[in-house]
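Enquirer: Chains as they are written, first to last, in this note's numbering: chain A, 741 to 1082; chain B, 3 to 449; chain C, 2 to 386.
Where hints are given, some of them may not hold.
[Said to hold, decoys possible] With the Cβ distance kept under 8 Å, some of the chain B side facing chain C (calculated, not the full set):
no., residue
1, K43
2, T50
3, G143
4, D173
5, R176
6, T414
[To be verified] Think about it this way: if two alpha-carbon atoms lie no more than 20 Å apart in a straight line, the pair counts; the simulated SDA-like pairs of lysine to any residue are:
no., chain 1, residue 1, chain 2, residue 2
7, B, K313, A, D903
8, B, K104, B, G46
9, B, K197, B, L230
10, B, K77, B, K104
11, B, K77, C, N306
12, B, K224, A, T1044
Read the hints as simulated data drawn from the structure, not as lab findings. Predicted, not measured: the structure shown is a model, and the values here were computed from it. Idealized CB from N, CA, C, for every residue including glycine.
Each chain, written out:
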Amino acid sequence: MDAILLQILNGLDKGGAYALIALGLTLVFGTLGVVNFAHGALFMLGAFCAVTFNQLIGLEKVTIDPTQTTPWGSPVEIRVPMIEEWLGPTGTFILDYSVPFSILAAIPVMIVIGLIMERGLIQFFYRRPHAEQILVTFGLAIVLQEIIKSFFGANPIPQNPPDTLRAAADIGALFGFEPGNIVYPYWRLVYFLFSAIVIGCVFAFLQLTTFGMVVRAGMADRETVGLFGIDIEKRFTVVFGLAAVVAGLAGVMYTPILPPDYHMGMDFLVLSFVVVVVGGMGSLPGAVAAGFMLGILQSFASMTEVKSIFPGIDQIIIYLVAVIILLVRPRGLMGRKGVMEG
Amino acid sequence: MVDFLNPSRRGVLKGGAAVGAGLAMPTIFSSKAWAADYLNKPTGDTVTFGFNVPQTGPYADEGADELRAYQLAVKHLNGEGDGGMLNTMNPTVLTGNGVLGKKVAFVTGDTQTKSDAARASAKRMIEKDGALMITGGSSSGVAIAVQSLCQEAGVIFMAGLTHSNDTTGKDKRRNGFRHFFNAYMSGAALAPVLKDEYGNDRKAYHLTADYTWGWTQEESIKNSTEALGWETVNAVRTPLGAGDFSQYITPVLNSDADVLILNHYGKDMVNSLTQAVQFGLRDKQVNGKDFAVVVPLYSRLMAQGAGENVKGILGTTNWHWSLQDEGSKAFVKSFGEEYGFPPSQAAHTCYVQAILYADACERAGTFAPCGVVEALEGFEFDGMGNGPTLYRAADHQCFKKVLVVKGNENPTSQFDILEVVQEVPAEQVTYDPSIFGGELGECNNGA
Amino acid sequence: MTKIVRETAHGDAIRFSLFAVLILAMPVWLVPFGAAYPDLMQKFAIYGLFAIGFNILFGLTGYLSFGHAAFLGVGSYTAVWSFKLLGMNPLPAIALAILLAGAFAWVIGYVSLRRTGIYFAILTLAFAQMSYNLAYSVLTPITNGETGLRVLNSDPRVLDHMMGAGEVDGPLVTNLFGMEMSGLPGFYFCAVWLLIGMFISFRIFRSPFGLMLMAIKSNQNRMNYTGISTRPYALTAFVISGMYAGLAGALLCVTDPLAGAERMQWTASGEVVLMTILGGAGTLLGPMLGAGIIKYSENIFSAFNEQTLHNIFGFLPDGIEGAVVSVAGLFVGEGWHLTLGLLFMLIVIFLPGGLIEGGHRIQAAVARRGKGGGSGHQAQPQAAE
């Protein structure tokens, strides 16, 4: 029982990440009609926003102690983070909370990256075949990750959650279970909440604002909206920026769970496409539902009890689900009838 | 090139004819020296080594460090720089005057940590660049694939970082040599320390990367811990590159295991360790004992990626820059002066392998693979950072001290991640070569 | 695509013989490019075959498969198992590999072709990833997992033993009735298969079947409305291209008897897509060209290091040389992926028809200049849509 509850928690947590990545991907597909293989790279860039922010605020004043030398001959360096020197305890606090604080930095950066990508490249591919969209964005993804690699190297770079959130919470005890059996890291709970909030914000934005209404109308029937004299393309640019921000934030907050490296975008790319397709191309609720569903399924498939019946099931479950869904219900869980139905 | 891009008939004909006429017989027909008694016999005043390291993919940083070490080794062999471990190696016939009077040159290639790419790259070095020896690599699959290629082609393979028992076990080859230690040695070295630290009544839970190396390590660690009296509660296989390991870690919480053993390397290790610590495993008490996490194979470069989570976690490593013997000090010094930071264990093993090969050629008086094999088999040396070392003739595996290390609680620099707990002597990790099976076969000169 | 139909049989014969001459003369004209060593030429031929086969599906029907690496892998494993069980003769291995890869392609194609567009791509991708993941882990008894499947001296090799060639000293190399399939003979063996593959591809492009496939690409709905069921045609194309992939996989093992699981990874499938588009999807020669360029850059650019760069730019003054080398260093050696990524972007952005289209454009420009800007336009092909 405890094991199952824990796996559901795992699934929700994973699902949060999947849903966030898939949300942006399907937003771009639904509005712009572009299959963006560089979306994983946006996730990765977000994570590296956190890394850069952390390194910037962690800039250290280096004083050299000439009396000591390291075994390789250079003098020993004494490093003090400048921000601690300037701001005292506040500085220490900012350093400690660098991951959540870097959200503030990541939002403008990701918007700019998104806008540059859309205006500089994607907009020329609206009317090109999907195959070419896939290829050009795939090329872009490679270029982006290689640039990151040349700055940050290939090894993962650790990012710590804030000290207070570093441990695990005994949430079983809260709900009257035996204490110590259902413990879950605070940061993962934070991540789940965070993804729920971001998803909520995106939906609210699309449902409650006029801008969102126009965008939704554009998703449904681009031509008619254009006939009303609305410059839908300009709004779609903003949507692309929004998608970039969502992917970037997913990356920022994921860094304490998965130390980021230059390749993490590619690692999530295939998976996020599967999520989008299972949810239904262009369906936002579908992407979210599919994200959580696949997260939970993946968690259950990894249980020893399940693996002993189906060896290797945890290796293929995601793809297996995708195949079944596509064959049984080609428009995905919540895709509208007739949209990209093949 | 342009002619081929644009296959207009006449253009191609003209271009092709011009190229054909403009060239003498291509080297591939003429200069492959059929008369030579071995493949790629150097005829000029240089001898070419092939450095085949991962330059792209997850182990690119490790590969870059290997390449740095190789370049340093070439410098030292050619008498540039301060000579590094050439000064401490004992016995040696190397004088810093190249090898057998020839300057050492090198070519590089990218293994991509894929067997196919690694073999293609090694073949290029052998077929095109005339390399006599291939060395490097950062995973066992690649090492085994390239080793058998070198055996078939008839050049020497000096393995880089490869930890699987198979490399010098069931997949050993006469033309291949490994200086790095293996999973069996990790288990044998780690077990007594584990007993001292955690007692002999423990329940272990393994998470194992689901591929060949992971399995051999799991088996080796299981055997040596069970010999201590530990019980293995469960051993769960995780997909390579799983990223998020939470669904494998939560069952550990609910089992009555009190030790988690992570048979992961590289990114998998960084992720699983980070996540295991976040799940509070290290603060946990089970059966009245403190829960412990063990990472049997450590790599300092990779451990950097796990940050503070490695603190206090036990594992083994082939070599560490903080060692205080003469050889290690000399190597750290010349590497640090060249590049500004200390070398990794991958860099160390690669440097040593290049020097050992050169030394063997010098002693054999020939570059012919069979001569080199004979010179390396049973070779005993010291002063290369791991104490007295034997290149065992029966399986081409080096036997030397193995380091048991622990994540440093109070690191003084970003490189000071591990502290050496114990230097386990070679005798304790030596095993009977027959336990892993396999055949060395005959040496191959290639021509 | 209308242009192709106008090609005459005579023109095709000339094209094909030129292609054959170029392929067979590779050991000569590749020398100045530093690529005239057997392994790379074998790779050119093999991946060329792979891309040519892929082009029959993607170039003609427009179905974008992201899972063709799976068939390459199946071909490889089949070939090695044939070596292990039957013997080192490449012919049975190739025959079995083509058959099995074809059968596998039929199963996957039958299921996947129920969908089109991006859904089809994801389906094929899913199948290939499942094959890869399983081959790397639980199927290790069959595939030997990470280490790769190899031929061992202790394997049965029934035919070899019947012929009295069972005991071999030294390495086991595939041999065709006594001729060892490594080095140059290995290349020529692959080249012959490449020519056969190319010939079949020519015939398919010019056949009514090929026309039908092109019709699927231009408008499948219209085909369906006219009462023609297109799926059998698409499935046939899928199986044929799967067989090409199986053949390529088998040849990889003929020249080097080892089959590794990473051949089936999705990035490997992506590679053949890139090859095809780089050269020109839907053109006859494009895929071969793309395969050549990608394999060339993989093997040559990645081998550049600082030392080689210094040799190349040695003629520059010291300060400039240092700067040039450090900039160039970003794109070669460990940075060769960056070059590859940029190349794709540039090609897709500016030459969606691939390099072949670029060639035609240059040709047209030259022709225009020669004839005073008159009739160059007719040589312009339509972009592959």
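Enquirer: Against this structure, judge whether each hint is valid.
Expert: Now for the hints, and whether the structure bears them out:
1. K43: The hint is violated - B:K43 has no Cβ within 8 Å of chain C, the shortest such distance being about 17 Å.
2. T50: Where the cut-off is 8 Å and the nearest Cβ of chain C is about 12 Å from B:T50, the hint is violated.
3. G143: Holds. Min distance 4 Å.
4. D173: holds, 7 Å
5. R176: violated, 10 Å
6. T414: With a closest approach of 30 Å, the B:T414 hint is violated.
7. B:K313 with A:D903: Status holds; Cα separation ~15 Å.
8. B:K104 with B:G46: holds, 8 Å
9. B:K197 with B:L230: holds, 7 Å
10. B:K77 with B:K104: holds, 13 Å
11. B:K77 with C:N306: Given pair B:K77, C:N306 holds - Cα atoms ~15 Å apart, limit 20 Å.
12. B:K224 with A:T1044: holds, 19 Å
The structure does not agree with the numbered hints 1, 2, 5, 6 stated previously, though it agrees with the rest.
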